[in-house]
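Chains as they are written, first to last, in the working numbering: chain A, 1 to 380; chain B, 381 to 926.
Where hints are given, some of them may not hold.
[Stated by the list, open to error] Quick list of in silico lysine to any residue cross-link-like pairs, SDA-like style, CA-CA up to 20 angstroms:
{"hint": "1", "chain 1": "B", "residue 1": "K923", "chain 2": "A", "residue 2": "V215"}
{"hint": "2", "chain 1": "A", "residue 1": "K251", "chain 2": "B", "residue 2": "L558"}
{"hint": "3", "chain 1": "A", "residue 1": "K248", "chain 2": "B", "residue 2": "R444"}
{"hint": "4", "chain 1": "A", "residue 1": "K248", "chain 2": "B", "residue 2": "K557"}
{"hint": "5", "chain 1": "A", "residue 1": "K249", "chain 2": "B", "residue 2": "K557"}
{"hint": "6", "chain 1": "A", "residue 1": "K265", "chain 2": "B", "residue 2": "S524"}
{"hint": "7", "chain 1": "B", "residue 1": "K923", "chain 2": "A", "residue 2": "Q233"}
{"hint": "8", "chain 1": "A", "residue 1": "K99", "chain 2": "A", "residue 2": "F71"}
{"hint": "9", "chain 1": "A", "residue 1": "K313", "chain 2": "B", "residue 2": "L558"}
{"hint": "10", "chain 1": "B", "residue 1": "K555", "chain 2": "A", "residue 2": "P375"}
{"hint": "11", "chain 1": "A", "residue 1": "K313", "chain 2": "B", "residue 2": "S524"}
[What the hints assert, rightly or not] Covered by chain B, according to a simulated footprint, are these stretches of chain A (three or more residues, beta-carbon under 8 angstroms):
{"hint": "12", "segment": "15–21"}
{"hint": "13", "segment": "102–115"}
{"hint": "14", "segment": "141–153"}
{"hint": "15", "segment": "204–217"}
{"hint": "16", "segment": "259–266"}
{"hint": "17", "segment": "272–284"}
Derived by calculation from the structure, the hints in this document are not laboratory data.
Ideal placement from N, C-alpha and C gives every residue a C-beta, glycine not left out.
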Amino acid sequence: MCRLAMKTANQPFSPYDILQAMEAMQEGYDGSGLGLLLRGVEFTDFNYESGSPILSGIAHTRDAMHRLNKFMQSKGFVLKYDHEFDVDLSRIEASDRFKYFVQVYKLPEAWDTLSDEEVEEQLTLTRLAIRKDGEEHGGDLTVFSFWPDVIMIKEVGWPLQVGNALGLDSGRIKSRICMAQGRQNTNYGINLYACHPFFIQGIGTMTNGENTAFVPIKDWLTGRHYPAYIGYQSDSEVFTHILHYVTKKLKLPLEAYKHVITPLKTEELNNHPQGDFLIGLRNSCRRLIIDGPNCVMGSLPDETCILVMDAKKLRPATIGGKPGEWAMASEMCGVDAMIPDRDRTLDFQPMREHTVVVPPERQEFKIWSQFDPFPLPQAA
Amino acid sequence: MVSIRSIPSTPGSLSVRDMPWIVEHNESRCTLCGRCTSVCPTGAIKLQYMRKRMPKMVLNASERGNTFKIFVGIRQRTDVEHRCIGCGMCASVCPNQAINPVFNPIIDRLRFQSTKGGNAVKRGGRRNVPGPNLLDRIIFDRISMLTDPALDAGRHEFELNTLLGRVLPPEEYLKRKLSGQWIPPVREVFPFIIGSMSFGALSPNMWLGLLQGVAYCNEVLGIPVVMATGEGGCPPWVLKSKFLKYIILQIASGYFGWDEIIRAIPEMKCDPAAIEIKYGQGAKPGDGGLLMWFKVSKLIARLRGVPEGVDLPSPPVHQTLYSIEESVMKMIQTMSMAWDFRVPVYPKISGSTSAKAVLNNLVRNPYAAGLLIDGVDGGTGAAYNVSMDAMGHPIASNLRECYLDLCAQGRQNEIPLFAAGGVGKNGNVTQNGMALIMLGASGVHMGKYIMQAAAGCLGSENNRCNVCNIGICPKGITSQNPKLYRRLDPDKVAERVVETFKAIRTEMKKIMAPLGRSQSLPIGMSDAIGIEDKAVAERLQIKYIC
Chain A
1 MCRLAMKTAN QPFSPYDILQ AMEAMQEGYD GSGLGLLLRG VEFTDFNYES
51 GSPILSGIAH TRDAMHRLNK FMQSKGFVLK YDHEFDVDLS RIEASDRFKY
101 FVQVYKLPEA WDTLSDEEVE EQLTLTRLAI RKDGEEHGGD LTVFSFWPDV
151 IMIKEVGWPL QVGNALGLDS GRIKSRICMA QGRQNTNYGI NLYACHPFFI
201 QGIGTMTNGE NTAFVPIKDW LTGRHYPAYI GYQSDSEVFT HILHYVTKKL
251 KLPLEAYKHV ITPLKTEELN NHPQGDFLIG LRNSCRRLII DGPNCVMGSL
301 PDETCILVMD AKKLRPATIG GKPGEWAMAS EMCGVDAMIP DRDRTLDFQP
351 MREHTVVVPP ERQEFKIWSQ FDPFPLPQAA
Chain B
381 MVSIRSIPST PGSLSVRDMP WIVEHNESRC TLCGRCTSVC PTGAIKLQYM
431 RKRMPKMVLN ASERGNTFKI FVGIRQRTDV EHRCIGCGMC ASVCPNQAIN
481 PVFNPIIDRL RFQSTKGGNA VKRGGRRNVP GPNLLDRIIF DRISMLTDPA
531 LDAGRHEFEL NTLLGRVLPP EEYLKRKLSG QWIPPVREVF PFIIGSMSFG
581 ALSPNMWLGL LQGVAYCNEV LGIPVVMATG EGGCPPWVLK SKFLKYIILQ
631 IASGYFGWDE IIRAIPEMKC DPAAIEIKYG QGAKPGDGGL LMWFKVSKLI
681 ARLRGVPEGV DLPSPPVHQT LYSIEESVMK MIQTMSMAWD FRVPVYPKIS
731 GSTSAKAVLN NLVRNPYAAG LLIDGVDGGT GAAYNVSMDA MGHPIASNLR
781 ECYLDLCAQG RQNEIPLFAA GGVGKNGNVT QNGMALIMLG ASGVHMGKYI
831 MQAAAGCLGS ENNRCNVCNI GICPKGITSQ NPKLYRRLDP DKVAERVVET
881 FKAIRTEMKK IMAPLGRSQS LPIGMSDAIG IEDKAVAERL QIKYIC
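For reference, chain A alone in the conformation it holds in the complex:
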């Protein structure tokens, strides 16, 4: 089963801290892989200005690296920083790794006239073009994200060993949010793209458990014909895309996510203050109802973090911490490892109706229940 660890703090921290928390939860996973998402990043070697897009991925050959650089140049991107990991390839299980790239770019001048939304769209299309290029060349180029403030690393192997191999303990990269997951998707065959967290336009989520409604959801999302709704090497990728669809496409508040993936029953909605609206929403988004057991942890571009459970609540998840610093993990010992000096009595394990939200200021976490009024007064 996937083990999840996520920390959000006002003071940037090393992802290695989180890998140590993963180690605390090691009894429960097979150590088949690592997925990391860092948000709100800082480099010791470079003064990163928030807003510049960061490209993360793996070039498996020298040729692929050259192609990538050429491609980015041709699009008008200017390379501002190319992070060199203190990498020890001998400690990586896979043999076809040429370079782990984390590159900060300046946007092409031609984009100056574009609106924010258009820039987001173009960044996504650029990432997809790189991904396609890699796939057309025998998978020699893997790209995980191309987005401001976000770095993603995915690799096969025992999480802590991957961290050691990439020299993450050096503290040269730090972030205010770190999401980590410790398993390759062994259900559907090893594929770097199949490893959580998943990322789309600033939205990242990771999941434990299995989504048995995967195929109907995938079929529906694919039917949107949105270029970035591709992949689906893992049944968990749909959670990220649903969150994207709800917040970015439908432009609904974050709370709607829970009503879409795990709507209340008809008899419950009949007594809900906005039951009429929510029944209609449930019907329209019916193909996005997940069927867990799952726990979903996610982070948004404004550094809001969320934690939700599926309706069956057969998976564990705990949030704990203190003002300015919160940790979520699939196991309690993971929270202990990330923030040991906290008041444990204030830890919270969400139930089927809950969405836990840690706002960007990180002073407290909010527990929102589906039975509470839905914050869309006009609609209701």
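The hints should help you fit chain B onto chain A, whose structure is shown.
Quick look at chain B alone, frame taken from chain A:
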């Protein structure tokens, strides 16, 4: 040349061995009570005087060795009209197990002689293809093991209901909701629906029993079962009752019964579940409904607004129909308007290679609430043999094609597809229905299964009984003759309806739980099914397993 009249054999002469069913009668057990002959719906057996030889030992040469005795016995008739239909009523009423019809495995000669008078053969019932059908062969193979725990069918909660009605895409829904525009009506119903069987095709007692059972399922058990009327209207007391909300009213090309329905609208206490516009039927595609004169009783005549005792053949198409566009515009919108756009209106068509064309037209019509496709294995009250046997399209591939077409357009949640035609024909109703749901159906309609399960219909795929067309149903299910339908106790039918749906509900959970599904009906969950037939797997785009 003049034929020899002294030998009683004509081209149409048949012997007992030429009949599809042979009545085996054990004279040593028979007490000549006469129950079998009185109950036989076709009069295939008769009490008859017969003579038998009584051998006796004779020592005296002047005396004959045998004597003959006259006795009363039972004989099977061998003419077409009085053929044994294998219903087995004789066996069920016999107090001594002295009589039983046995299926004749040799190709009967009756079939070559049954066009007497130049009339092509008609029957009711089914297509008569025995053995497992394609749906029976689909198995559910995506079992939750260690990656996600299987659920407990007995203890977990399951969402089993489906939606009947046009569902807007999320963007459109939000836009309309925020601006207070019309949202199409949607009903939450149980995915196993009692398919359209008309008041006319069914006896009053059968209809009452079904309705009672459906009401009990809804109001006591909380299973939102709905039933469709078929063509021929609906009794006025039902139209004006609170039970109307469990009923899908059908309008078909004969428009029988619609005067009563339209007149009752101002007095209706609630809206019907939906309106089904029948354009075709799986059992007899391209043919209209047919109620033969035997069944047009005084009550039926009044309901349908026709004279008593005349054949009621509905035209093959709606008289106003010029094209699909016109049909959708005229009929669906008119029916929607009649109930002030509060009732879902959807068409029912025969399984056909043209189903996709119909579907694509409906997708573009904002008032179309769904599509029901009735496959070749569907049943009927009356049809020509040739229509039932040779016309139509199997449901599985027809439905699957339509569903995948909707997926390609991203519209699979907007137009619910309902499938019918052979669901449960071999008794595996839940398995058949769930297989269709995983192929993309939002729900299934079942007719024959309900008649068999709830009322003890005797029909089988070996052409057993199948005389629904001529009003002699020995169980009283499809007869308008009070002497026959009084055999059927509506309360007992209702009880069986309830038992049937309770069992289906349990079996649905027993299928969904191991698949790890409980939060929504697994519509289109094609990764969960497989079949041991490569060609079928390829056609349906599901897994080939062996």
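Okay, the hints, checked on the actual structure:
no.: 1; hint: B:K923 to A:V215; result: 13 angstroms, holds
no.: 2; hint: A:K251 to B:L558; result: 13 angstroms, holds
no.: 3; hint: A:K248 to B:R444; result: 107 angstroms, violated
no.: 4; hint: A:K248 to B:K557; result: 19 angstroms, holds
no.: 5; hint: A:K249 to B:K557; result: 16 angstroms, holds
no.: 6; hint: A:K265 to B:S524; result: 24 angstroms, violated
no.: 7; hint: B:K923 to A:Q233; result: 18 angstroms, holds
no.: 8; hint: A:K99 to A:F71; result: 17 angstroms, holds
no.: 9; hint: A:K313 to B:L558; result: 33 angstroms, violated
no.: 10; hint: B:K555 to A:P375; result: 17 angstroms, holds
no.: 11; hint: A:K313 to B:S524; result: 16 angstroms, holds
no.: 12; hint: 15–21; result: violated (count 0)
no.: 13; hint: 102–115; result: violated (count 0)
no.: 14; hint: 141–153; result: violated (count 0)
no.: 15; hint: 204–217; result: holds (count 7)
no.: 16; hint: 259–266; result: holds (count 3)
no.: 17; hint: 272–284; result: holds (count 5)
Hint compliance for this structure: hints 3, 6, 9, 12, 13 and 14 are broken, all remaining hints hold.
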